[in-house]
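Q: If you want the building blocks of each chain, they are given just below.
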Amino acid sequence: MVETLTPHLPNLLWWVPLLPLIAGGIIAFLPDARGRIASKLASGALFVSCLIALAALACSLTPKEVEAFAPLTWFTFGDVALKVGLLLDPLSASMAAMVTFVALWIFIYSTGYMADEKRFGRFFGFLSLFCGAMLMVVLSNSLLLLFMAWELVGLASYLLIGFYFEKPSAAAAAQKAFITTRVGDMAFFLGMIWLYSQTGTLLFYDGGNGLLESGALASLAGTATIGGLSVSAAAGLLLLVGAMGKSGQVPLHTWLPDAMEGPTPVSALIHAATMVAAGVFMVARTHPIFANGGGLTVPLTACAWVGGITALYAALVAMAQTDFKRILAYSTVSQLGFMMVALGTDGVAAGMLHLICHAFFKALLFLSAGSVIHGCHGEQDIRKMGGLSKPMRRTFIAYAIGMMALSGFPFLFSGFWSKEGILHSAQTWAGGYGPFLLAASAALLTAFYMTRQALLVFFGEPRKPGVHHPHESPSVMLVPLYVLAAGAVLLSLIATPIWPWFEKWIDGESAVFDSGALSHGLGLIALSLGIVTVGVGASWMIYRKPSENSNAPDPLAGKLGPLWHFLERAMGFDALYEKAIIGPLAFFAGGVDMLERMLFVPLMGMAEGLIKGFGRLTGATDESGINRGFNSLCSELKNRAASASRSQSGRPQAYLRSIGLGMSVLLILYFWLSAR
Amino acid sequence: MTPLAMLLTLSSLMFTLGLLAVLTRRNAILVLVGIELMLNAANINFIGFWRYGPSDPALTGPMFVLFSIAIAAAEAAVGLAIILMVFRHTRSTDLNKLDSLHG
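In the order they appear, the protein sequences are chains Y and E. The first sequence runs 1 to 676 under our numbering. The second sequence runs 1001 to 1103 under our numbering.
A few of these clues could be false.
Claimed, not checked - Capping the alpha-carbon separation at 35 Å, the derived lysine-lysine pairs in DSBU-like fashion look like this:
| # | chain 1 | residue 1 | chain 2 | residue 2 |
| --- | --- | --- | --- | --- |
| 1 | Y | K118 | Y | K390 |
| 2 | Y | K545 | E | K1097 |
| 3 | Y | K118 | E | K1097 |
Stated by the list, open to error - Simulated DEER-style distance windows between Cβ atoms:
| # | chain 1 | residue 1 | chain 2 | residue 2 | range |
| --- | --- | --- | --- | --- | --- |
| 4 | Y | T322 | E | L1080 | 23 to 29 Å |
| 5 | Y | K118 | E | L1080 | 23 to 29 Å |
| 6 | E | L1066 | Y | L599 | 33 to 39 Å |
| 7 | Y | A575 | E | V1078 | 54 to 60 Å |
| 8 | E | N1096 | Y | V80 | 48 to 54 Å |
| 9 | E | I1047 | Y | L637 | 53 to 59 Å |
| 10 | Y | A580 | E | I1047 | 43 to 49 Å |
| 11 | Y | L673 | E | H1089 | 45 to 51 Å |
| 12 | E | F1067 | Y | F189 | 16 to 22 Å |
| 13 | Y | K579 | E | L1080 | 25 to 31 Å |
| 14 | E | H1089 | Y | I397 | 54 to 60 Å |
Said to hold, decoys possible - Residues from chain E that face chain Y, not an exhaustive set, calculated with beta carbons under 8 Å:
| # | residue |
| --- | --- |
| 15 | S1092 |
| 16 | L1095 |
| 17 | D1099 |
| 18 | L1101 |
| 19 | H1102 |
Simulated from the structure, these hints should not be mistaken for laboratory data. Source: prediction; values computed, not measured. Glycine included, every Cβ here is placed at the ideal spot set by N, Cα and C.
Full structure from sequences and hints, please.
A: Right, here's the structure in full:
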């Protein structure tokens, strides 16, 4: 079957991103009342592109050269031709299959979760746009096409985070996401222009002339710029800033926790498959530029440290949160930090593996969070839940699998192996132990806060005041949970050191079954085991008997004191930006306002007074001298003019219509006269 | 139909649609959208005449369009700001209600 498919792939592959985009376009024209049709159209389009993506994955399973499909010339500008195209290699094939598969189940879940929504159809239109844009990012063979799709992803996330735009907090969160990622996009754009001016191409692979191939890379490494950096290092740093914005790395992470304002399926999509994965994927895709020159390059070192700091920061903050979804949001930030650590320490395959495993279990966690919130009538505060494992047994099982995969429970769950791979690549990194230590402590905290969440939500007795009569969700919402849970477990088959199929495949080699490999990495596996045990154990000790009263303070709050509140406020990043960026801007605006009030208003007032005085003077002369004779004439004129002034309706469109009418008359007259 | 004729048909359709929106829509924002449509119809003409005319290598057509897009962006920003202020004053963007200049 693979042989028969291969020749058709170049044409078929375009349909993977195009189908959801087209579906989104059609839905835009459907009225809101046709929401059912919209959801079927969106899911159907995504289902077909999922099939194609899986077929493409099957075709790319045999290790071979990167396949760049015949680039299309988009436009010619003088001598310059800009080309775009698609690319099929293990990286893009695995990502496309993951995105379509995970998103498809999120779509199905949404048909249940959003059933009561009056803008149901519009929701699916946006979702389709989101997925289509992300698939374009993944499959693109050109940095330019990637950037355009990247911006579309940003637009769709803006629309979806602000889906409940009547709520001021949702509108603000949408703007925050849009503007914060724009900071990163600006850097990405500059890096892209720089690369283009240096190499004259934006195609990744182009038969030896591409951006990521030896010729262009050599010229990039050879040219030095400010501070002794090569162009590839400087452009790599700019690209990294772009990825930091999209993937929520410190200090551009503040938008991601606020993105919770969107509906829960959107959170699942943003955190798992579409939005934040784009930044990590972009770094993985342009990794040859980052690693250009060999050894410890500046952008890779920066990437590893940024990732390590983000991983630990977000894990610390997640410990002190009380909102179900917010904890998951910070855990995403933390896991993205892990992926960045992997990419920075030359573990591209480990990073991508974690990205894909994370997509499965994070989508699973968010969807079960949605199921819990749905069953608790919109309550999101974990302090008010408790004992939910009884009324929501099925959701609880799905959640437990996702939670164990995220915290890295040993052997059975994909998260354990992918995290172990990252720790391995960080440990063997030549640039020191910093990122490794950061990542290892973040892993410990991950186990800690996830256990806390599970204990507070599902175990113990229902707390008071709390949720009344929680209920289980319908099966249209439960089936996606089972599928994703199965994925979160089964993915570990391809990731173990015994049979490291995925890593070898990404690197273009074939894997061999080697049961001895387990013993080489035994130290690290033992360390991972120890980390999970300590994290879970500590959490169990503290939270095993939570207070019956949902207003009681957290047991840790008393021990940590002010530090706890510092963590609760996410280490004050929002307050800092408020003071450092918004403050000066508001001050400047206030200054301009003041200038206007103090200077221009009095000046205008003086001019006004002068003119008024002069007018009074002339008026008085007029009145006493000239007017009397005219008055009778004038009142007559006024009466006549009243009917004429009625045509001055004050409505600009009426005026425009008369202008149009007059112009048509003139044109007709003109043609008529010139025809004679 | 030649490609140029098709392009011109498209642009005149777009222009007419935009004009229709400007003349009939009561929401000020949609009128602004109509104006944008009319502007872009003109842009299509620029590109069309450049592409299917002598195709000046100095790229006069695309250059004009780049400028006009930049100006359109500025115009949209100013227009939206004005609409925003009008809305704050009158709590409405309905053009038929904004007739305080009537005779």
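Q: Quickly compare the C-alpha distance for K118 (chain Y) and K1097 (chain E) to 35 Å and report which way the hint goes.
A: The given pair, whose Cα atoms are some 29 Å apart, holds under the 35 Å limit.
Q: Does the interface hint hold: is H1102 (chain E) within less than 8 Å of chain Y, judged Cβ to Cβ?
A: Hint holds; H1102 (chain E) Cβ to chain Y Cβ min 3 Å, cut 8 Å.
Q: Under 8 Å is the threshold here; is the Cβ of L1101 (chain E) close enough to any Cβ of chain Y for the hint to stand?
A: holds (4 Å)
Q: Range hint 43 to 49 Å: satisfied by the CB atoms of A580 (chain Y) and I1047 (chain E)?
A: Given range 43 to 49 Å: holds, Cβ gap about 44 Å.
Q: Going straight from one Cα to the other, do K545 (chain Y) and K1097 (chain E) come out at no more than 35 Å?
A: With Cα atoms ~64 Å apart, K545 (chain Y) and K1097 (chain E) exceed 35 Å; violated.
Q: Does the Cβ distance between L1066 (chain E) and L599 (chain Y) fall inside 33 to 39 Å?
A: holds (38 Å)
Q: Using the C-beta atoms of N1096 (chain E) and V80 (chain Y), is the stated range 48 to 54 Å upheld?
A: holds (50 Å)
Q: Taking 8 Å as the limit, does the beta-carbon of L1095 (chain E) come near enough to a beta-carbon in chain Y?
A: Hint holds; L1095 (chain E) Cβ to chain Y Cβ min 6 Å, cut 8 Å.
Q: With respect to the beta-carbon atoms only, verify the hint that I1047 (chain E) and L637 (chain Y) lie 53 to 59 Å apart.
A: Roughly 54 Å apart at Cβ, these two residues keep to the hinted range, so it holds.
Q: Look at the Cβ atoms of H1089 (chain E) and I397 (chain Y) and judge whether their distance stays inside 54 to 60 Å.
A: Taking Cβ atoms as reference, H1089 (chain E) and I397 (chain Y) lie about 58 Å apart, which means the hint holds.
Q: Looking only at beta-carbon atoms, does the pair F1067 (chain E), F189 (chain Y) fall within the given range of 16 to 22 Å?
A: holds (20 Å)
Q: Holds or violated: is the Cβ of S1092 (chain E) closer than 8 Å to a Cβ in chain Y?
A: Violated: closest Cβ of chain Y sits about 14 Å from S1092 (chain E), beyond 8 Å.
In the structure shown, a violation is registered for the earlier hints numbered 2, 4, 7 and 15, in ascending order.
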